[in-house]
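J.: Listed below are the residues making up each chain.
2 protein chains.
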Amino acid sequence: MELIDGKKISLQLQSEIAAEVKTIISNGGKQPHLAAVLVGNDGGSETYVAAKIKACENVGFNSTLIRHTNEITEAELLATVHKLNADKDIDGYIVQMPLPKHIDEQKIIEAVDPAKDVDGFHPVNVGKMVLSLPSYISATPNGIVELIKRYKIETAGKHCVVIGRSNIVGSPMSILMAKNNAFANCTVTICHSKTKDIASFTKQADIVICALGKPEFLTADMIKQGAVVIDVGTTRVASTETKSGFKLKGDVNFDAVAPKCSFITPVPGGVGPMTIASLLKNTLLAAKKEIYK
Amino acid sequence: MELIDGKKISLQLQSEIAAEVKTIISNGGKQPHLAAVLVGNDGGSETYVAAKIKACENVGFNSTLIRHTNEITEAELLATVHKLNADKDIDGYIVQMPLPKHIDEQKIIEAVDPAKDVDGFHPVNVGKMVLSLPSYISATPNGIVELIKRYKIETAGKHCVVIGRSNIVGSPMSILMAKNNAFANCTVTICHSKTKDIASFTKQADIVICALGKPEFLTADMIKQGAVVIDVGTTRVASTETKSGFKLKGDVNFDAVAPKCSFITPVPGGVGPMTIASLLKNTLLAAKKEIYK
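Chains A and B are the protein sequences, given in the same order.
As numbered in my numbering, residues 198 to 490 make up the first sequence, in order.
As numbered in my numbering, residues 198 to 490 make up the second sequence, in order.
Remember, identical chains collapse to one label, so a pair may be satisfied in a single copy or spanning two.
Computed cross-link-like contacts, SDA-like style, restricted to lysine to any residue with a CA-CA straight-line distance of at most 20 Å:
| # | residue 1 | residue 2 |
| --- | --- | --- |
| 1 | 391 | 401 |
| 2 | 490 | 275 |
| 3 | 349 | 378 |
| 4 | 393 | 350 |
| 5 | 421 | 397 |
| 6 | 411 | 377 |
| 7 | 391 | 328 |
| 8 | 393 | 351 |
| 9 | 393 | 423 |
| 10 | 376 | 363 |
| 11 | 393 | 354 |
| 12 | 219 | 482 |
| 13 | 376 | 410 |
| 14 | 393 | 421 |
If you are wondering where the hints come from, they were derived from the structure by calculation, not from laboratory data.
Keep in mind it's a predicted model, so treat the numbers as computed, not measured.
Put together the whole structure using the sequences plus the hints.
T.: Next comes the structure, spelled out in structure tokens:
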């Protein structure tokens, strides 16, 4: 069994990005610049945005944080979005979700210039991904693909079972794993809440991607010997073992499942740490105009 | 075994559309208007476009055919597209594919206003479909979904195996069948050229959608008793039985497979006739501004 070390790969990716930024700047190029829009002061959002800004600094990106209070109107937030779309120095930006209830999130997502949509949330980028055209792929699927590539996990002709059909993970993963390219070419089965007997599918799988958000859902009897298991779940459960009073639990019963696997991602330290690296990767692509000319 | 009669359902759908057009016009509304752009004089394209124009007449739509020679430049064709985007009387339009080699098809597709993209080819419409947002769904998947609905084929919790991963059929069908809605909710497996032992998957399937383009690929031993089989294949094979010298062959060995099925689409007369009805349906949605306000 080999542990897929997302933390290590994320740092590796970030140091590669940092090296590329150095080269760009030493060649007289512009410093990549990511902006983040943060509305209100939700604790989780504060933490995520702070981590993204910090990661920008680490790799040598310029970054801008735009804060609005919870009272901002939809029209005012749209004005911020239009300003960022027009700002030539900003290569890419994110609007941290969730937004206050009086703002239509989808409207904001669709107002972002697809060329600057480094979150990969705009329907144009989702559609281009499906059509195998160059696009920004969103953070979690992007990170999983990167892990599969870096660990040289064999995928061609393998059967990949994805559990969960969310717009953010399950659905794009099922699409990406079935594509005709070097890190995919899997036969893919997508399971979800309406699937009868999920175990009957996971037992057949060479690769299982768990993204349903049920702690310890996948048990050892549900997989075959030598399976690759990617755990996307991150549910907070109460814990007396930690200072914070909670623990992050994956969708996989790790201790029981791991011994049967050829590769497995832990939680935390697997898929999670890859998301920020994915965002930085997309921002670098934006700065280099590799997706949109 | 029940035969899925695409011809009958297509006519039914067209007469429903015709009735709705009458109501719209009698209420003082605008007559729906579809335009078709035809470049060159490829025989197949001529036939398809003529059939689409004829269908418009049948349901009471206004239609406009714009012809260009094969010598048209990309810039000139883009000018036509921009003109159609700006024309307030045109509700939707199609640019018949394929285009001459000196024109970038994807560039043309992406220049079409998504609100008028009744072919459902624009990445925005593909992305919105994936994200379960209102969108134009392209003709073949749209037609298959309609057949499933009209024949009240049970899908929730069923295992649907899609063979083929094309942008036009296999990939969107795999996405649509897995969605959380009344006519889907299937566990979906997508198989393709790199799948090892396709039969091992189809044997488990409650619903098989064949869209690989290999005549008579699916044989009776590959399905279970009572399966639903949807045949999207339309390969022209030489034939001494027809005046034209060829016959349309589906991906399914119909004579052997049909007796084992609960439902099956024939070729011709199954999925094929539904495509024009789908286009008309999208054009009506465009005229009613149901997808884009």
